[in-house]
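Asks: Each chain, letter by letter, is given below.
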Amino acid sequence: MGATLGELAVRFGCELRGDPDVFVKTVGTLPGATSDAIAFYVNPRLRRELARTRAAAVVIAAAVAADSPVPVLGSPQPHATFARIAVLLHPLPAAPAGVHPSAIVSPSARIAGSAHVGALVTVGEGTVVGERAVLGPGSVVGERVVVGDDVRLVARVTLCDEVTIGARSVLHPGTVIGADGFGFAPERGAWIKVPQIGSVRIGEDVEIGANTTVDRGAIEDTLIAEGVKIDNQVQVGHNVRIGAHTAIAGCVGIAGSATIGARCQIAGQAGIAGHLSICDDVVLTARALVVNDITEPGVYASAVPVEKFADWRRILGRLKRIDTLARKVSSLQRQAGAGVPRHDEDDA
Amino acid sequence: MGATLGELAVRFGCELRGDPDVFVKTVGTLPGATSDAIAFYVNPRLRRELARTRAAAVVIAAAVAADSPVPVLGSPQPHATFARIAVLLHPLPAAPAGVHPSAIVSPSARIAGSAHVGALVTVGEGTVVGERAVLGPGSVVGERVVVGDDVRLVARVTLCDEVTIGARSVLHPGTVIGADGFGFAPERGAWIKVPQIGSVRIGEDVEIGANTTVDRGAIEDTLIAEGVKIDNQVQVGHNVRIGAHTAIAGCVGIAGSATIGARCQIAGQAGIAGHLSICDDVVLTARALVVNDITEPGVYASAVPVEKFADWRRILGRLKRIDTLARKVSSLQRQAGAGVPRHDEDDA
Amino acid sequence: MGATLGELAVRFGCELRGDPDVFVKTVGTLPGATSDAIAFYVNPRLRRELARTRAAAVVIAAAVAADSPVPVLGSPQPHATFARIAVLLHPLPAAPAGVHPSAIVSPSARIAGSAHVGALVTVGEGTVVGERAVLGPGSVVGERVVVGDDVRLVARVTLCDEVTIGARSVLHPGTVIGADGFGFAPERGAWIKVPQIGSVRIGEDVEIGANTTVDRGAIEDTLIAEGVKIDNQVQVGHNVRIGAHTAIAGCVGIAGSATIGARCQIAGQAGIAGHLSICDDVVLTARALVVNDITEPGVYASAVPVEKFADWRRILGRLKRIDTLARKVSSLQRQAGAGVPRHDEDDA
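Line order of the protein sequences matches chains A, B and C. Once you know that position 180 of the first sequence is 470 in our numbering, the rest is easy, because the numbers rise by one and skip nothing. Once you know that position 20 of the second sequence is 310 in our numbering, the rest is easy, because the numbers rise by one and skip nothing. Once you know that position 229 of the third sequence is 519 in our numbering, the rest is easy, because the numbers rise by one and skip nothing.
Bear in mind the hints are in silico, worked out from the structure with no lab data behind them. Being a predicted model, the structure only gives us computed values, none of them experimental. Yeah, the Cβ is synthetic: ideal placement off N, Cα and C, and Gly gets one too. Errors might be hidden in some of the hints.
What the hints assert, rightly or not - Below, a list of computed lysine-lysine pairs in the DSBU-like style, where the Cα atoms sit at most 30 Å apart:
hint: 1; chain 1: B; residue 1: Lys483; chain 2: C; residue 2: Lys315
hint: 2; chain 1: A; residue 1: Lys598; chain 2: B; residue 2: Lys598
hint: 3; chain 1: A; residue 1: Lys610; chain 2: B; residue 2: Lys610
hint: 4; chain 1: C; residue 1: Lys483; chain 2: A; residue 2: Lys315
hint: 5; chain 1: B; residue 1: Lys598; chain 2: C; residue 2: Lys610
hint: 6; chain 1: C; residue 1: Lys598; chain 2: A; residue 2: Lys610
hint: 7; chain 1: C; residue 1: Lys610; chain 2: C; residue 2: Lys598
hint: 8; chain 1: B; residue 1: Lys315; chain 2: A; residue 2: Lys483
hint: 9; chain 1: B; residue 1: Lys598; chain 2: B; residue 2: Lys610
hint: 10; chain 1: A; residue 1: Lys610; chain 2: C; residue 2: Lys610
hint: 11; chain 1: B; residue 1: Lys610; chain 2: C; residue 2: Lys598
hint: 12; chain 1: C; residue 1: Lys610; chain 2: B; residue 2: Lys610
hint: 13; chain 1: B; residue 1: Lys598; chain 2: A; residue 2: Lys610
hint: 14; chain 1: C; residue 1: Lys598; chain 2: B; residue 2: Lys598
hint: 15; chain 1: C; residue 1: Lys610; chain 2: A; residue 2: Lys598
hint: 16; chain 1: A; residue 1: Lys598; chain 2: B; residue 2: Lys610
hint: 17; chain 1: A; residue 1: Lys610; chain 2: A; residue 2: Lys598
hint: 18; chain 1: A; residue 1: Lys598; chain 2: C; residue 2: Lys598
Claimed, not checked - Some chain C residues well away from chain A (every beta-carbon gap over 10 Å; in silico):
hint: 19; residue: Met291
hint: 20; residue: Thr316
hint: 21; residue: Pro383
hint: 22; residue: Ser392
hint: 23; residue: Ala537
Whenever a hint applies, use it, and build me the whole structure from the sequences.
Replies: Set out below in structure tokens:
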């Protein structure tokens, strides 16, 4: 597999500066790319790496193309264009159509002729698997599940009963879709399990990382809209709704019945409490904690980065006594009398 | 499956207001329930939804039953009663007794005649599986494991050697019980593995969520008492002990040798350091971090919810300089002299 | 299996105080050890337990050996010596050489004669499995994977294509090595997947806990050096590099392209942002969050432990208004004039 720079420029609508006949076979990083590899440049912090690159060509915005020491493929969206080139040069190997003899498939399941059911996969009653779908080795697919066309369960994915996965979605190993939500009612000091009779509906073009969990709804369904991207080790509680094209990084926890808008970006280890609503176009920085509705687009944060231990200990000690500090300031203000302008009335 | 309101009232000891012959088949939410569905009401924030519901009946406390526009099943514990009704209307399908031909079961394992061993399950030497227990597809059950009566491993659960699971417990997909604890001794700049020879004992009526991990003890056993409920993606370190009926939400981390009392409620993303003790009836709010013993029942918190990014940045900047701020206040106090009442002596 | 105290003293270079012919069969805790068991003592908080122990002998530092009421094995590294004794007394049962008939092994895979391929394991094309390696039940091993000598995949481990695992490494159940990194490029409001064509290389003597995930590199490889120990539920993003003998506790999240030095110790729930560098010999306390480079060895922290809910609420309220508080102090200082010594100029 490979292509000339000229072919890439035509195919992806790039402005080529350099020899169109140069043949490339792979992609690389700016410092690591060899003379048969394409790299890309978007991050100004890598300017030095750009100046030294030996790539065959760099995908780059027109405005900074002159900074490249090697041929360029000018593109308004260098990273996306690079991604498309990488797909072309490194296509996924097609999985052969058919059901591996070691798979255990219910006779009532309907598996498209072009689908691949891998080794040691189980498929339950009444499940439907679409064209060219791939059920990777060790996956467990329950009853009455709907797997869309071109879906890829990489390996060892679990889809519980009645789950629906939209076309072209990709689920990575260890992911569990449709386990029971955490629903218990208190009764005389113990917990009664509340049956979780909803399911999970996942839209088209969704990607879900390794060991992520998405719980089934208590009564109605948990919903993940088209184009959502979820990283590894994320927990999505029952009846959560996530809007289209929202991206969620690793280790995020989303409690039950939270509603998250479209095009949000949620950084790693963020937490979202249950029964609240976050509007479209919200960005949460790493480890942000949301416990109330967010009704205005924008960037939100609450994390505290590290200090040296001794310094942090002192800061923390002061924080724990901040109430005392505030009262002292109020006393000083009272003593100073009218001479001190009051900024506000917030000191109880 | 279905029942009349009259049958439900008798069976669950509810006070029925309405036509006892109305037949219901399912459960629903207040806004979503159709005329053949039972809903419930406990959360006052849903008063508006109650007023508009078209459910066949609502399970509700007597004191507010008059607010329901439809028949009511009066109950002092509406959520628990609703849960029992939901179980009646949506019973789990019984798994057929027997061992699937694709399962790999050690000849020395003892599987009760009424137990179900699913497709592609492995069961090791000397393991005992109780009556009506269900080992879902893809589960790996090690050697000398004891699986109690009516236990349900939903699918792809891993029980390592010597683990014990009490009767009626439910374990969700991806859960790993009894992996080695994180035990290493430092020696000349490297780590020596400390064999983890304890195991895990889980009591009766425990539920453990998807992709949760409970490590085996280093020497003695990790212990989870009866009625404990654990959500998804929780980590329980070696030699942790969790008291009866404690509930632990998603993404919580509990370090080794922590002891947690009975009837605690631990919200999502909380963290509990190792070698400490939390008494009975403690509530930890979302992302609370415990690093010392808690000896008094009550609610504990330490999380910081989000602000707009610019605001948070300013707050954080001030926090990091709080030490300076406190010293300034002390100077002002000294300058003001005896005229300022000292609140306490905590400003070093 | 068992040994006399005399044999243990010789084998592990301990100074024995007590009867060399006492025979021991197991290990125990100080309070739990019976008269045929070895315990160890390093933590001064367990002095009382030491005074009451009935162990056959205690592994202990010479300086405090006199505090033991029972025979001692004097050692400069009691925990490491104890670990070696525990390995001797509780050896791992050897897994039988050979491929289980239910395993699905590609004809092009090369499996060492002494390796064990367990029940329901899949091994892909071109994969190489070393001498005495153990692929536990339910593991999924992809194509062109290299599994070193004496590696142990305990059970249900997933190794994606091209991953390399160094000799003697141990991977616990549910671990996923080499899933795609979280790489997407924005384009017109949606996300384009960036193919993840790097892999993961794991060094020798690494241990990785249950349900941990290590993503493959976007272009170059994710690297984990020899002797690294990683606990359960940890997320390691694409192109992360972790230096030798670093230990990482449970629930830690490490974002893409972070570089972590050698001999670091990272406590539970810590978070490390992407594209940064942490030098050798850094200690992060529980839930520390790193968002910038750390260039100096030492201990770093940022976590806030719990207070009673009402107290925390008051502290938090004050924190959110700390800006106002700081401005008040500035006003007071201005009013007080030159009489108040300024500590610094940091109050904007």
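Asks: Each hint needs a verdict: does it hold in this structure or not?
Replies: Going down the list of hints, with the structure as the test:
no. : hint                 : in the structure
1   : Lys483/B to Lys315/C : holds (19 Å)
2   : Lys598/A to Lys598/B : holds (26 Å)
3   : Lys610/A to Lys610/B : holds (13 Å)
4   : Lys483/C to Lys315/A : holds (19 Å)
5   : Lys598/B to Lys610/C : holds (11 Å)
6   : Lys598/C to Lys610/A : holds (11 Å)
7   : Lys610/C to Lys598/C : holds (18 Å)
8   : Lys315/B to Lys483/A : holds (19 Å)
9   : Lys598/B to Lys610/B : holds (18 Å)
10  : Lys610/A to Lys610/C : holds (13 Å)
11  : Lys610/B to Lys598/C : holds (23 Å)
12  : Lys610/C to Lys610/B : holds (13 Å)
13  : Lys598/B to Lys610/A : holds (23 Å)
14  : Lys598/C to Lys598/B : holds (26 Å)
15  : Lys610/C to Lys598/A : holds (23 Å)
16  : Lys598/A to Lys610/B : holds (11 Å)
17  : Lys610/A to Lys598/A : holds (18 Å)
18  : Lys598/A to Lys598/C : holds (26 Å)
19  : Met291               : holds (35 Å)
20  : Thr316               : holds (35 Å)
21  : Pro383               : holds (25 Å)
22  : Ser392               : violated (8 Å)
23  : Ala537               : holds (17 Å)
Going through the hint list in order, the structure does not satisfy hint 22, though it satisfies all others.
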